[in-house]
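Work out the full structure, taking the sequences as your base and the hints as a guide.
Protein chains: 2
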Amino acid sequence: MLSKKTQYAFRALAHLAVYYGKEPVRISEISIQQKIPLKFLENILNELKKADMLESKKGKGGGYVLKVSPKKINLAKVIRVINGPIALLPCVSLNFYEKCIDCDEATCGIRKMMIVARDATLKVLEKKTLNDILFTES
Amino acid sequence: MLSKKTQYAFRALAHLAVYYGKEPVRISEISIQQKIPLKFLENILNELKKADMLESKKGKGGGYVLKVSPKKINLAKVIRVINGPIALLPCVSLNFYEKCIDCDEATCGIRKMMIVARDATLKVLEKKTLNDILFTES
DNA sequence: TTAATATCCTACCAAAACGGTAGGGATAAT
DNA sequence: ATTATCCCTACCGTTTTGGTAGGATATTAA
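Same order as they appear, the protein sequences are chains S and E.
Reminder that position 3 of the first sequence reads as 3 in my numbering, one-by-one numbering, no gaps.
Reminder that position 136 of the second sequence reads as 136 in my numbering, one-by-one numbering, no gaps.
Note that these hints are calculated values from the structure, not bench results.
The beta carbon of each residue, even a glycine, is placed where N, CA and C say it ideally should be.
You can trust all of the hints, since none of them are fake.
Cut-off 25 Å, straight-line C-alpha distance, at most; resulting in silico cross-link-like pairs (DMTMM-like, lysine to aspartate or glutamate):
(1) S:K72 - S:E126
(2) S:K77 - S:E55
(3) S:K71 - E:D119
(4) S:K4 - E:D102
(5) E:K39 - S:D102
(6) S:K71 - E:D104
(7) E:K127 - S:E105
(8) E:K77 - S:E105
(9) E:K35 - S:D102
(10) E:K112 - S:D132
(11) S:K99 - E:D132
(12) S:K71 - S:E23
(13) E:K123 - S:D132
(14) E:K67 - E:E47
(15) S:K123 - E:E126
(16) S:K127 - E:D119
(17) E:K77 - E:E55
(18) S:K112 - E:D132
(19) S:K71 - E:E105
(20) S:K128 - E:D102
(21) E:K5 - S:D104
(22) S:K5 - E:D104
(23) S:K5 - S:E126
(24) E:K35 - S:E98
(25) E:K71 - S:E105
(26) E:K35 - S:D104
(27) E:K67 - E:D52
(28) S:K5 - E:E98
(29) E:K57 - E:E29
(30) S:K50 - S:D132
Here are a few chain E residues that sit away from chain S, every Cβ distance over 10 Å (derived from the structure):
(31) Y20
(32) K22
(33) S28
(34) E29
(35) F40
(36) L41
(37) N46
(38) E47
(39) K50
(40) S56
So, in structure tokens, the structure goes:
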């Protein structure tokens with residue numbers, strides 16, 4: 001399951017997606033509108049910035065903006081930055097690989113199936129973008 | 001990510017799958033062969049029994065056996081019993097549903113995408129069985 | 001140059017989940 | 001009665017989660 005933090009990240013990014021191309025949006029603004037604890041959100045947005053998805057501006061008139069078009073930010077990237085691996089096991093993770101102990105990867109059947117599951121999930125998460133999670137009418 | 005406990009469960013079940021139709025297998029046997037801490041494994045096998053996947057026999061000559069054919073136990077079920085929800089968010093979980101706060105499910109775009117992701121993952125995990133994770137030669 | 005407005009940084013904290021361990025009780029076979 | 005096995009309850013240290021607190025730093029505007 002995704003952490004609450006990741007859900008907050010999605011909501012915040014969806015909010016910023018709506019204001020893409022406009023003035024920077026303050027943390028406090030997003031916090032209120034999306035009902036996300038302010039200081040926690042500060043942390044989240046800062047991480048997203050370090051991951052190169054956001055740009056920030058300090059002082060009056062400051063805030064956050066998406067660095068690239070919402071169409072170019074896919075859901076897998078967001079999850080990886082805030083939540084970590086998408087794969088079900090470390091030994092099949094593309095971005096957070098870790099060898100498992102007492103397991104021969106060449107013959108491990110569990111691993112084989114988890115690769116198939118991973119690819120099925122990634123096919124969706126890497127294709128869908130922030131544009132796909134914007135709040136829609138009806 | 002799946003917990004270590006879930007990985008242990010898969011290994012233990014794969015072991016039992018090999019001995020399906022034969023004498024009961026002792027916890028201690030599985031513990032040694034699969035390198036799983038004994039007391040922890042006790043706990044795991046007992047949970048799988050309560051979930052109706054295993055049968056047990058006490059006393060000499062006792063142990064655990066799969067209750068049904070390895071072909072009939074799919075990976076999704078194992079994960080749900082030991083690890084919990086497969087979906088990425090509680091509000092899209094089929095077996096562990098929880099409403100999310102401050103979110104209108106009808107219009108929430110995040111939810112829509114997470115349903116698609118969930119279905120892609122489930123299509124694999126519900127189709128693959130214990131038979132598919134047995135250790136293979138080459 | 002000073003005040004106001006933002007983000008940024010470090011540190012802390014409580015509660016829950018994870019990954020076990022300990023010790024004995026119940027039951028079945030010999 | 002003894003031995004072998006699963007079963008049950010309770011505990012426990014470490015890590016992760018979901019925050020909070022307080023101030024440092026940068027920008028703008030008066």
